Amino acid sequence: MTRKPNFLATFKLITFFMMFIALGAIFFYAPVEKTMGIVQKIFYIHVPSAFFAFFAFFITFVASILYLFKKEHKWDVIAFCAAEIGLTFCTIVLITGPIWAKPIWNVWWTWDPRLTTTLILWFTYVVYLMLRGVVRENQRSNFSAVFGIIGFANVPITFFAIRMWRTIHPVVITAKGLNISVPMKHTLLLTFIAFGLLFSSLLISRIRLEKMRVNTGEIKALIEDKIHFG
Amino acid sequence: MIELPKNDNIIEVKGLVKKFGFKIVLRKVDLFLQRGDFLALFGHNGAGKTTLIQILCSLMLPTSGKVRVAGFDPRYDREALCKIIGVISHNTYLYDNLSAFENLKFYGMMYDVVNLNEKIEELMDLVGLSEYMNDHVQTFSRGMQQRLSVARAIIHDPLILFLDEPYTGLDQQGAEDLKHLLEKFRDQGKTIIMTSHNLDRGLELCDQAAILVAGTLVYKKDIGKIIKDDFKQTYLKLSEGKTLPMQVVL
Amino acid sequence: MSFIQKLRAIVWKDLTSELRTKEMILSMCIFSFLVLIIFNFAFALGLKTLQGVIPGILWVAFIFSGLMGLSRSFGAERDRGTLPGLLLCPVSPWGIYLAKMIGVFIFTAIMEIFTLSIFTILYNVNLLPFLFPLGLIIFLGTLGFSTIGTIFSAMSATTKARDVILSILVFPIAVPMIIASVQATGMILAGKPLQDILSWLKILVAFDLVFLLLAYLTFGFIMEE
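Residue numbers (the numbering used here), protein chains in the order written: chain A, 1 to 230; chain B, 231 to 480; chain C, 481 to 705.
The set of hints was computed from the structure by calculation and includes no laboratory data. Computed from a prediction, not measured in an experiment: that's the story for all the values here. Wrong hints could be hidden among the right ones.
[What the hints assert, rightly or not] Once the Cα atoms are required to be at most 27 Å apart in a straight line, the calculated DSS-like pairs of lysine-lysine come out as:
1) K455(B) <-> K409(B)
2) K253(B) <-> K74(A)
3) K253(B) <-> K211(A)
Turn these sequences into a full structure, and let the hints steer you where they fit.
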């Protein structure tokens, strides 16, 4: 249990190389976009991050449901770890979004339905993690599972509400008008794969870390128990 | 009313474990009680007495182990179980700014008590609070509140009573009043588990005494076989050291 | 039906208890009154431009004030130590939830009626011609707020910084309800017919139903220890 299983080490190595290849493709293979210039390349980071952030939160949603049904600790661990990783990717989305928007449209923020929903989602999972921090141990898993379900169920409703609101309050910037050529599609696919591997290895590592923390805590408690009570 | 054959255990606890996070509060507790038994459960602070009571009355879930109260599993048959148990705690579960009558009316409605008004009168009479029927609970003394809490706990004629340190904060008179009520319930054939710090109060009413030390039931004997002074010695020794004795005296 | 009787009992208990002291409802009303006054200064607008922000001001007053009532819902039970007493009664967690939600709804509605009255005076707005559609939107919006709020009231009641946790739990989830309520209110006050706001109504109804269903499915887990 203390040595990293070989599978995981190899997997991380593959992830590392894929990320390099993807980075290379972004800068050397994909052409510079006509209207937006070199800043457009941030799109290759922005889009996969968004996808995997949502995917992570979906995992939290499903794991939360499974936890409530089965009451097995592992589902709580998966839900929690996925939320953390998801929040990381979500933060990347929210940082790359404005970086992309500013040089091109001269505004830091657009109340674009997708970006705004992502912002709300970001807050939701920050609250999820904060909730885990303040609730007592015996209720923590239950409460976060319920909030994980409520938070995710809220996403479609929020998206539609914001989209309707946007049609009433149109902003100057409309949807990102991108012309995607074939090499761009290849690059995007490459970064998707790379981010997918990154996401998976981060998630697996995080879950392992959490399991180790729990095991250590249990062993410590058993030892203290023995010392006090013989 | 639940009809149980005389010899069946009304309370069955086997291998009960309760953990709060990593901390083990109850370790594989086994406990069996028959109908009509009165168990006094003693133990130092933090021994797990309150936790055990809360699990038995379905306020808390066990981490593992088997718990059956009158055949019901507190985990899955909570509502059915609640109809036949009454709980008296050092916490009165009363609403301060409602009157005694209103408090009992509320709980009576929650327990589907028939002829509620008559029942309330009868109970207030039993606990000696009839003249305070319409007074707000916040004007009551601690002893009066505890008596009203007893009325609340038995409004639905429960088979089993759980008492968690009921004598806390009661003066001599209050304690005597409570004792008389408990004697009545015992004579009515109710099954009772009472936790207490007060050895005398516990021993004077019970027909079985047990000691919980660090989450383990280490001692359980019929009152007939207990010599009070020996018991007190044993209890003090066990509580001080807080070590699990090698020998479990059952 | 026994279930209905138990709901009535809990709601009656909460109403009676609160109407004795009137502490919470007074705080809620005074707070929303203050919000209305402060927004007048915060925006320093003439009557014409005020039209645009009126719905926002109203709903900000409703929600911030409503949070106080929410906090009390389960908070008072925890503080007084009466929650175990409730849990020992033979009633399902769903029943407890529903009764508490109805209580929150009633108190919030009382505060809203008061707020609307003050609003018509302070901002010289005549709301009477819009009474029915406005009432419908406020009803649906308040229902949504009470639905999610009661769940979070139960969750935050056990934590230390109860009110802060309650607020941060409620706000992200309340976003669609707030958007829909404010937009619909604005359109009604601008004289648009009920047809136009149908899509906002749909969002509010969907919100209410989805979270009511989730509450039904999950509230038992919140009461577990």
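Just pull the numbers of the violated hints for me, sorted ascending. Violated hints: none; all satisfied.
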